[in-house]
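S.K.: Residue-level listing of the chains:
Number of protein chains: 2
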Amino acid sequence: MENRLDFKLRVLRGDEIALGPGKVALLEAIAACGSISGAARAMGMSYRRAWLLVDTMNRSFSEPLVITSPGGSKGGGASVTQTGESVMAIYRAMQRRSEAAIQDDAQAILKLLHPL
Amino acid sequence: MENRLDFKLRVLRGDEIALGPGKVALLEAIAACGSISGAARAMGMSYRRAWLLVDTMNRSFSEPLVITSPGGSKGGGASVTQTGESVMAIYRAMQRRSEAAIQDDAQAILKLLHPL
Numbered sequence: 000m001e002n003r004l005d006f007k008l009r010v011l012r013g014d015e016i017a018l019g020p021g022k023v024a025l026l027e028a029i030a031a032c033g034s035i036s037g038a039a040r041a042m043g044m045s046y047r048r049a050w051l052l053v054d055t056m057n058r059s060f061s062e063p064l065v066i067t068s069p070g071g072s073k074g075g076g077a078s079v080t081q082t083g084e085s086v087m088a089i090y091r092a093m094q095r096r097s098e099a100a101i102q103d104d105a106q107a108i109l110k111l112l113h114p115l
Numbered sequence: 000m001e002n003r004l005d006f007k008l009r010v011l012r013g014d015e016i017a018l019g020p021g022k023v024a025l026l027e028a029i030a031a032c033g034s035i036s037g038a039a040r041a042m043g044m045s046y047r048r049a050w051l052l053v054d055t056m057n058r059s060f061s062e063p064l065v066i067t068s069p070g071g072s073k074g075g076g077a078s079v080t081q082t083g084e085s086v087m088a089i090y091r092a093m094q095r096r097s098e099a100a101i102q103d104d105a106q107a108i109l110k111l112l113h114p115l
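Residue numbers (numbering that gives the first Met the number 0), protein chains in the order written: chain A, 0 to 115; chain B, 0 to 115.
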């Protein structure tokens, strides 16, 4: 582990976390795997936990970010909607822009750390 | 609780959190109160916890951020060093710059949320 800046961006709807780094990673995994169960496996997360995260995202936004097609208890496919794609893109853009905006300050503060 | 973006910046030294929102707030409270015990009280935190946070910060940076003057078990005074002031200033600058950099994206993503 090197010295670094850690940077966490979360979208809060009331007191619920509508979106954060874990949920965005899950969206990306669902887009890549085509199912919630596949995405959960890829992320080393239980199907139940992945499903709950998707449910929170879908309830938090005016349109669902993930839609599922039926196919048995864990067998159905899932895909990221256009709203989901927009949300992922905006989140990534925010991350990139923040990182760019603080690059110089980050170097300055890291220099003040005691060497490891 | 309204809908909003939450934004957490942490400085990691190896796997230890050298600085984050709580530690910066504690530095500000120490600067305002002139003692660790006063700052702890103001933040509703135990003296022990405040002391541990200060200890972590002081060990993490090449120069201490807080110095204490002796005065009994909890009675001594504490002040923020010049390095501590620099660290607070850089942290606050990073926060301001990130917030400014993502303002438009933040509005865009908050608009996609389901109304509360």
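Everything labelled a hint here was simulated from the structure, so no lab data went into it.
Note that this is a predicted model, so its numbers are computed, not measured.
Please note that the accuracy of each hint is not assured.
One-sided excerpt, in silico: chain A residues whose CB lies under 10 Å from chain B [said to hold, decoys possible]:
1. Arg3
2. Gly19
3. Ala28
4. Cys32
5. Asp54
6. Arg96
7. Ser97
8. Ala99
Glycine included, C-beta positions come from ideal geometry on N, C-alpha and C.
S.K.: Does each hint hold? Answer for all of them.
M.R.: These are the hints, each one checked on the structure:
{"no.": "1", "hint": "Arg3", "in the structure": "holds, 5 Å"}
{"no.": "2", "hint": "Gly19", "in the structure": "holds, 8 Å"}
{"no.": "3", "hint": "Ala28", "in the structure": "violated, 20 Å"}
{"no.": "4", "hint": "Cys32", "in the structure": "violated, 24 Å"}
{"no.": "5", "hint": "Asp54", "in the structure": "violated, 13 Å"}
{"no.": "6", "hint": "Arg96", "in the structure": "holds, 4 Å"}
{"no.": "7", "hint": "Ser97", "in the structure": "holds, 4 Å"}
{"no.": "8", "hint": "Ala99", "in the structure": "holds, 7 Å"}
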